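Peer 1: Residues 1 to 117 in the working numbering are what the sequence shown lists, from first letter to last.
These are computed hints drawn from the structure, not numbers from a lab. No experiment lies behind these values; they were computed from the predicted model shown. There could be a bad hint or two in this list.
[Unchecked claim] Okay, the calculated beta carbon distance ranges per label pair:
{"hint": "1", "residue 1": "S53", "residue 2": "S2", "range": "34 to 44 Å"}
{"hint": "2", "residue 1": "G63", "residue 2": "G109", "range": "17 to 27 Å"}
{"hint": "3", "residue 1": "A44", "residue 2": "P65", "range": "16 to 26 Å"}
{"hint": "4", "residue 1": "A95", "residue 2": "A22", "range": "12 to 22 Å"}
{"hint": "5", "residue 1": "A52", "residue 2": "S2", "range": "15 to 25 Å"}
{"hint": "6", "residue 1": "N101", "residue 2": "G64", "range": "17 to 27 Å"}
{"hint": "7", "residue 1": "S53", "residue 2": "P10", "range": "26 to 36 Å"}
{"hint": "8", "residue 1": "E100", "residue 2": "R48", "range": "14 to 24 Å"}
{"hint": "9", "residue 1": "E107", "residue 2": "Q20", "range": "25 to 35 Å"}
{"hint": "10", "residue 1": "T76", "residue 2": "G109", "range": "17 to 27 Å"}
{"hint": "11", "residue 1": "E100", "residue 2": "R40", "range": "31 to 41 Å"}
Note that beta-carbon positions come from the ideal geometry of N, C-alpha and C, so glycine has one too.
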Amino acid sequence: MSSCPCGLGPAYADCCGRWQHADAPTAELLMRSRFTAFVRGDTAYLLRTWHASTRPRRLDLTGGPRYTRLEIVGQTGGSLFETVATVHFRAFHTAGVLEENSEFRREGGQWFYLSSL
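Model the full structure from these sequences, guided by the hints.
Peer 2: Written out as structure tokens, the structure is:
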């Protein structure tokens with residue numbers, strides 16, 4: 001049993017796999033599960049967790065980088081009791097590193113990726 005791509009340690013089913021059918025309780029966990037979805041090529045999950053105001057009509061991951069590791073650099077907000085958050089991360093891939101500060105919004109009890117800052 002291998003560990004989840006997000007880097008927390010447990011197997012996928014016990015880590016980010018849980019959020020496939022339930023809402024991630026924090027913005028960081030949503031960020032980690034979205035990274036894992038990029039690794040696994042799960043466009044349906046990525047679109048479902050993307051805020052409607054910024055979500056693309058379709059998402060094609062073919063030909064994109066192959067992500068290998070995630071590092072959370074910092075975050076603001078994003079707890080069970082907040083509605084906005086940012087997560088600063090580094091996503092390592094075969095061609096280098098993507099560093100981004102992402103904005104998240106919680107609506108109706110569910111966290112959504114909003115945009116890159």
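Peer 1: Next, verify each hint and record whether it holds.
Peer 2: Structure-based check of each hint:
1. Taken as a hint, the range 34 to 44 Å holds for the pair S53 and S2, whose Cβ atoms sit roughly 36 Å apart.
2. Taking the beta carbon of each, G63 and G109 are about 35 Å apart, not inside 17 to 27 Å as hinted.
3. Distance hint check for A44 and P65: the Cβ-Cβ separation is about 20 Å, which falls inside the suggested range of 16 to 26 Å.
4. Here the CB-CB span from A95 to A22 is close to 33 Å, at odds with the stated 12 to 22 Å.
5. Take A52 and S2: their Cβ atoms lie about 34 Å apart, and the range 15 to 25 Å is violated.
6. Under the hint 17 to 27 Å, the C-beta atoms of N101 and G64, about 20 Å apart, fit the expected range.
7. Here the CB-CB span from S53 to P10 is close to 33 Å, well matched to the stated 26 to 36 Å.
8. Hint check: E100 to R48, Cβ distance near 20 Å, so the stated range 14 to 24 Å holds.
9. Between E107 and Q20 the beta carbon distance is about 19 Å. The supplied range of 25 to 35 Å is therefore violated.
10. About 20 Å separates the C-beta atoms of T76 and G109, a value consistent with the hinted range of 17 to 27 Å.
11. Taking 31 to 41 Å as the suggested C-beta distance range, the pair E100 and R40 does not conform, at roughly 19 Å.
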